[in-house]
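Number of protein chains: 2
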Amino acid sequence: MTLSVSSINLRRMDHDWQIDIQTLLANTHIAFLSTVGEHTPETSMCPYAVLNGDIVLHLSGLAKHSKNIQGNQNVGLMICAPETADSSPLALARIGFTGKIEPVPQAEQTMYQQVYVQHIPDAKLLFSFSDFTLYRIQVDTVHWVGGFGKARKVPVEAWKSLC
Amino acid sequence: MTLSVSSINLRRMDHDWQIDIQTLLANTHIAFLSTVGEHTPETSMCPYAVLNGDIVLHLSGLAKHSKNIQGNQNVGLMICAPETADSSPLALARIGFTGKIEPVPQAEQTMYQQVYVQHIPDAKLLFSFSDFTLYRIQVDTVHWVGGFGKARKVPVEAWKSLC
Numbered sequence: 001m002t003l004s005v006s007s008i009n010l011r012r013m014d015h016d017w018q019i020d021i022q023t024l025l026a027n028t029h030i031a032f033l034s035t036v037g038e039h040t041p042e043t044s045m046c047p048y049a050v051l052n053g054d055i056v057l058h059l060s061g062l063a064k065h066s067k068n069i070q071g072n073q074n075v076g077l078m079i080c081a082p083e084t085a086d087s088s089p090l091a092l093a094r095i096g097f098t099g100k101i102e103p104v105p106q107a108e109q110t111m112y113q114q115v116y117v118q119h120i121p122d123a124k125l126l127f128s129f130s131d132f133t134l135y136r137i138q139v140d141t142v143h144w145v146g147g148f149g150k151a152r153k154v155p156v157e158a159w160k161s162l163c
Numbered sequence: 164m165t166l167s168v169s170s171i172n173l174r175r176m177d178h179d180w181q182i183d184i185q186t187l188l189a190n191t192h193i194a195f196l197s198t199v200g201e202h203t204p205e206t207s208m209c210p211y212a213v214l215n216g217d218i219v220l221h222l223s224g225l226a227k228h229s230k231n232i233q234g235n236q237n238v239g240l241m242i243c244a245p246e247t248a249d250s251s252p253l254a255l256a257r258i259g260f261t262g263k264i265e266p267v268p269q270a271e272q273t274m275y276q277q278v279y280v281q282h283i284p285d286a287k288l289l290f291s292f293s294d295f296t297l298y299r300i301q302v303d304t305v306h307w308v309g310g311f312g313k314a315r316k317v318p319v320e321a322w323k324s325l326c
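Chains as they are written, first to last, in my numbering: chain A, 1 to 163; chain B, 164 to 326.
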C-alpha cells in the first residue's frame with residue numbers, strides 16, 4: 001500500500017493524541033471529582049492513579065464526597081494540565097470521564113494500592129488510617145480535549161489500551 | 164484592650180486564610196465545574212473570574228455543561244492551586260463552592276464581561292462568537308482547604324468581603 005503525504009500526516013495526528021494523553025497522565029497527580037450531594041453536585045480535588053483503565057482514588061470517610069457516593073455511585077472526573085504563566089487557560093489539555101465508583105474489592109487491594117502509592121508516594125502514610133478507603137472508577141465515557149478546538153470522544157477500549 | 168501573645172497569634176492565623184484565598188484567586192484562572200447530566204454528574208474545566216462573590220463563567224452552547232445546566236441549575240465548582248514539582252498533591256490549597264448558575268442579566272453584561280476579560284484576556288475574542296454565554300454562579304456554600312488538615316467552612320458574607 002502506498003501512503004500519501006496526507007495519510008501519513010493523519011496517522012501522525014492520530015498517534016499524537018494518544019501520546020498526549022499518556023504525557024498528561026504521567027505529569028499530573030490530581031483530578032477533580034464530581035459527586036452528587038443531597039441538593040447539588042459538588043467538585044472535590046483527589047490525587048489519582050490509573051490501573052487497567054480504572055481511575056484509582058483513596059478517599060477519607062470524613063470527606064463530603066465519600067458521603068455523596070454512598071447515595072449515588074455515578075461520578076464525573078477530570079484530569080487537566082496545570083496552568084502555567086506561558087499557557088492559555090482556554091487551551092489546557094484535559095481528559096474527562098464518567099463512570100461508577102466502588103470500593104476496590106479486598107482480593108485486588110494490594111495491586112491497586114501499589115499502583116496508587118507509586119503515583120502518589122505522599123499517600124503511603126494514609127493507608128495506616130482506618131477512615132480511608134481505596135476506590136476505583138470503572139469508566140463509561142472518555143472525552144479528550146488536547147487544546148483549543150481539539151476535542152474527541154475516546155472509545156473506552158482505546159483508553160484502556162493507553163494505560 | 165490588651166492583647167495576649169496567643170490572641171495576636173489567633174488573629175494572625177485568622178487573617179492568613181483570608182490572604183491565602185485572595186492569593187489563590189489572583190494566581191489561578193481555571194476552575195472545575197460539576198454539572199448534572201442525564202445519568203451522571205460531569206466535571207469540566209472553565210476559565211473563571213469573580214465579581215462581588217459571584218463566580219463568572221463564559222460557556223459555549225456546544226459544550227455538554229451548557230446542556231446540563233439547562234436541566235439543572237445546581238452546580239459545584241472548585242478552584243485549586245496548580246500542582247508543581249515541589250508541592251504535595253495532598254496539600255494543595257483549594258476552595259469549593261456550591262450554588263445556582265444563571266445567565267448574567269442583560270443590564271449587567273458589561274460589568275461582568277469587563278471583569279471576566281480582565282482576568283482571562285485570551286477570552287476577549289470569544290465574545291464575538293454568538294454561541295458563547297456569560298454566566299454567574301451565586302454561591303450558597305464556600306469550603307476552603309488551605310493545606311493538609313487545614314479546612315474550614317467560609318460564611319458567604321465573609322467570602323463576599325474577600326472579592
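Don't read these hints as lab results, they were simulated from the structure.
Ideal Cβ placement from N, Cα and C applies to all residues, glycine included.
Please note that a few of the clues may not be correct.
To be verified - Partner residues aside, some chain A positions facing chain B, computed with beta carbon under 8 angstroms:
1. L25
2. T28
3. E38
4. H39
Claimed, not checked - Here are the simulated DSSO-like pairs of lysine-lysine, each with C-alpha atoms no more than 30 angstroms apart in a straight line:
5. B:K230 to A:K160
6. A:K100 to B:K323
7. B:K227 to A:K124
8. A:K150 to B:K313
9. B:K287 to A:K67
10. A:K124 to B:K313
11. B:K316 to A:K100
12. B:K263 to A:K100
13. A:K150 to A:K67
14. B:K313 to A:K67
Looking back at the numbered hints, which does the structure fail to meet, lowest number first?
1, 3, 6, 7, 8, 9, 13
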